[in-house]
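So the sequences go chain by chain: Y and D. The numbers in this note's numbering rise by one with no breaks, and the one at position 266 of the first sequence is 266. Position in the second sequence counted from 1, then plus 1000, gives you this note's numbering.
Derived DSS-like pairs: lysine-lysine, alpha-carbon spacing no greater than 25 angstroms straight-line: (1) D:K1008 x D:K1077; (2) D:K1277 x D:K1252; (3) D:K1150 x D:K1014; (4) Y:K263 x D:K1008; (5) D:K1318 x Y:K31; (6) Y:K310 x D:K1150; (7) D:K1092 x D:K1148; (8) D:K1290 x D:K1345; (9) D:K1203 x D:K1345.
Hints in this document: simulated from the structure, not taken from any laboratory.
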Amino acid sequence: MDGEELTAQETELYDRQIRVWGVNAQRRLSKSHILVSGMNGTVAEFCKNVVLAGVGSLTLVDDRVVAEGDVLANFLIPLDGNGFGGSSLAELCCDSLRDFNPMVRVSVEKGEISQFEGEFFDKFDAVIISRSPLAAKKIINGICRKRSKRIAFYTVDCRASVGEIFVDLQNYTYSQMILLSYEIFTVISFLQDAIAVPWRTLPRKTPKLYFAMRVIERFEMAEGRKPGEISLSDLPGVLTLRKELCELQALNESHIPVDLLEKLLAAGQREFPPVCAVIGGILGQEVIKAISGKGDPIKNFFFYDAADGKGIIEDISNKN
Amino acid sequence: MASEEQLKTIEGAKVLMVGAGGIGCELLKTLALSGFRDIHIIDMDTIEVSNLNRQFLFRQSHVGQSKAKVAREAILKFRPNINITPYHANVKDPMFNMEFFKEFNVVLNGLDNLDARRHVNRLCLAAEVPLVESGTTGFLGQVTVHVKGKTECYECQPKPTPKTYPVCTITSTPSKNQGKLVVRFGRMGMSTQDFVHCIVWAKDLLFAKLFGDRTRENDLYVRSNDADGSVKHSEDIFEQSPDEDLEQYGRKIYDNIFGHSIEATLSNEETWRNRNKPKPIYIRDILPHKIAKPNGSLEENCAIDDTNVSAMASLGLKNPQDVWSLEESTRIFMEALRLFTEKRKKV
Chain Y
1 MDGEELTAQE TELYDRQIRV WGVNAQRRLS KSHILVSGMN GTVAEFCKNV
51 VLAGVGSLTL VDDRVVAEGD VLANFLIPLD GNGFGGSSLA ELCCDSLRDF
101 NPMVRVSVEK GEISQFEGEF FDKFDAVIIS RSPLAAKKII NGICRKRSKR
151 IAFYTVDCRA SVGEIFVDLQ NYTYSQMILL SYEIFTVISF LQDAIAVPWR
201 TLPRKTPKLY FAMRVIERFE MAEGRKPGEI SLSDLPGVLT LRKELCELQA
251 LNESHIPVDL LEKLLAAGQR EFPPVCAVIG GILGQEVIKA ISGKGDPIKN
301 FFFYDAADGK GIIEDISNKN
Chain D
1001 MASEEQLKTI EGAKVLMVGA GGIGCELLKT LALSGFRDIH IIDMDTIEVS
1051 NLNRQFLFRQ SHVGQSKAKV AREAILKFRP NINITPYHAN VKDPMFNMEF
1101 FKEFNVVLNG LDNLDARRHV NRLCLAAEVP LVESGTTGFL GQVTVHVKGK
1151 TECYECQPKP TPKTYPVCTI TSTPSKNQGK LVVRFGRMGM STQDFVHCIV
1201 WAKDLLFAKL FGDRTRENDL YVRSNDADGS VKHSEDIFEQ SPDEDLEQYG
1251 RKIYDNIFGH SIEATLSNEE TWRNRNKPKP IYIRDILPHK IAKPNGSLEE
1301 NCAIDDTNVS AMASLGLKNP QDVWSLEEST RIFMEALRLF TEKRKKV
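Extracted from the complex, chain D is given alone in its bound form:
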């Protein structure tokens, strides 16, 4: 319990908080209850619905507003007579220079990224202000104290850098991705690594090929094999040809990625000696008929809500916890391609 003397120090202290998120909300409340009267708080973020389950100073009606400013208002309801100064700004903004940091008795970090943490650490070292650093993931959390000349600083020990995934092995042994991407995403028998592979493959390779700069180097290797048996250059299949409508284009891409190129990879027997073989999938087996338009014809469909384009929503799939069947996954693929292409046309 704070003694009279400690309480006096607390009341006269000037504190800087960086971050008004999960840790920040709890910290600001505890500082205010503990007797701190001059608290400055920096946060560049605005409130989102997914914050509300833990950032208890925010409500549904605050979504879209500045975290720092709303946090201040919420605290003043039960501690009306203290000073809270909010900054809806990036801590890396030059206005928060060494002179600014020197004003404070202590700096408390509740950040979500390495870059900002390093930045604040360096400013605290330069300004000779003690730094309290914190972080959480899931059920784990930690706090460290950094005082110049007394303890190590935040960057004295190397930090593990976020994992990167070697994309080249993903393309050459597709058992972990394209064969399963549509089929078993979310089913048993896949490790976290497999999920990461799926996402990296879809985002860095397929998405980039379909919607990115096609002239850029990309490791996605797709063997095309048309009905007439002629082998096309792999670049060509990502182009929508003038005689194709969007659905035909989608079906062509689907068959090439999940069908033809899987068969091509399977032809290399050596690769599959000790691995589970992927199974080629063709869209005619999944969606044999032409897709019925959800809202009239494609052309009429300019009424798509620009702020919320979701293949899931437009197919009427509501629960993100559901595991999709192969047919549902295939429909999502086609619908997402349609929405993306049409929305982009408008832009």
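In isolation and in its complexed conformation, chain Y is listed as follows:
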């Protein structure tokens, strides 16, 4: 047993989930601190899930002023006809989330997450990044790895009917019961290393979505665009990049179908609410697993496409 007992109020509120994951997991959750950056529909779903589950605190980072497009898949932004009063996305979402569960401390941190000092991250057990350029994701993953305490790192993005989660739990060991005895497993992966794995060494079954997301990501980086700041008119440029990358990686271009790239370009920043719900649900469960130390975590990518309804876990890491 670690830490204090749950209060009577907590026991009553969390009764149904304590029956699912046990009292110790609940206790660990209530002492955990989560940081999220990028308040889109997917992250809204994730935040709802961990606030209801009863984490200790949740800190939101997103200074952007709320615009029309932001409300499409985000149920945390109220529409009362009075406009948004110049509030930031993080501020509006914070107000709604506080209301969901008064026992969780929800707050806003202003600034750009990739500029935060390393010490700032020490307060957290898990960091979730969405809608950030690849370069920023790599920086934050690197910071999380350098801290003396273990900070679980996740990236999540939904575009059109698809979604992708990346997980880096660093030196994470967890126990799993196999045939009545516990065995210890370790999970290690680093975003930078994962996406550097030569494409031709990946198994044939690797989802096409993985390659397509890397092409779009590279395109945005090369063009200096913000994530999702793309449209169908970018198709020629994206196809050129696909050709270059495929030649470099000795991968047949047919592994990255044109119609998939078209779909991602056409969606731009728009998310599809059912996909947000699925991806936000899976991510919530992953973070709960990592905090409670219970259950097999995703190693290390998760892909979902509402078009075929399939969810796929793929291990894309340097095996040497």
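Following the hints, position chain D against chain Y.
Here is chain D on its own, set in the frame of chain Y:
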């Protein structure tokens, strides 16, 4: 992603949701965000505190209110311009007839029982409306689609019926229940089956004997053995005799159930050859002294809060996750008996 054409269909569709619980709240939110503009929702339930950890449209201040109505209000906060029609009613109400179901393009079930699911399935078949069926337990969940003439219906495959427990074996081999009921409830070494046995025994047998219709047949077999050695008829021990106060009555029942009748069962050596023997317990060894009244005398204790009668609360045991000692379990037994008997007197 929905095409322009799909979006048009979605905006013109009329959808019926049955159930505004765990699945219902998520579903209603996703339907509203996805562009549905005419959603009807039926739920007979009111909101409880234990719903709030997953039914995210509800708050503490909504406890006691209609789920369907509160869910509507919560959705309108972020989608003010859509139509949500709530029904705080049972889906089996005759007002929800075939004509009513025919109005909808699709019916979405988020129910918690087999009976209502079957009912909706039949109405959908009759009205020829597609049904999407869903359910969850713990970490598992599933969704199935039922379209008349194209897929099988909800009742085409037999469903596993909830387990029943053979009460007769519970009474004859009490190692799984009364011996342990007070002693080791919640401790290691018990399987789920054992817990179920404990509860079935306590609820269907002991509770029925103590507070139910005593004339009804009941398999509870209690051998009484009084101090003077005379063997009484088993029926008698459940009666409070005029010369007994409530505490004496409780002690008598306790000794008979957990003491005398265990000894009697132990006398059948054959039964215990390959089983762990239960250990008889007598209350004098656990609570040797008369119980101090928590709030003055028994008679003065009419101030019990009628809405919240709990032996746990009145003994000051706060955490339901704690494992009770034998002494605490015994106190709970006596206190529960007292509260129940006194509360019933008032009614």
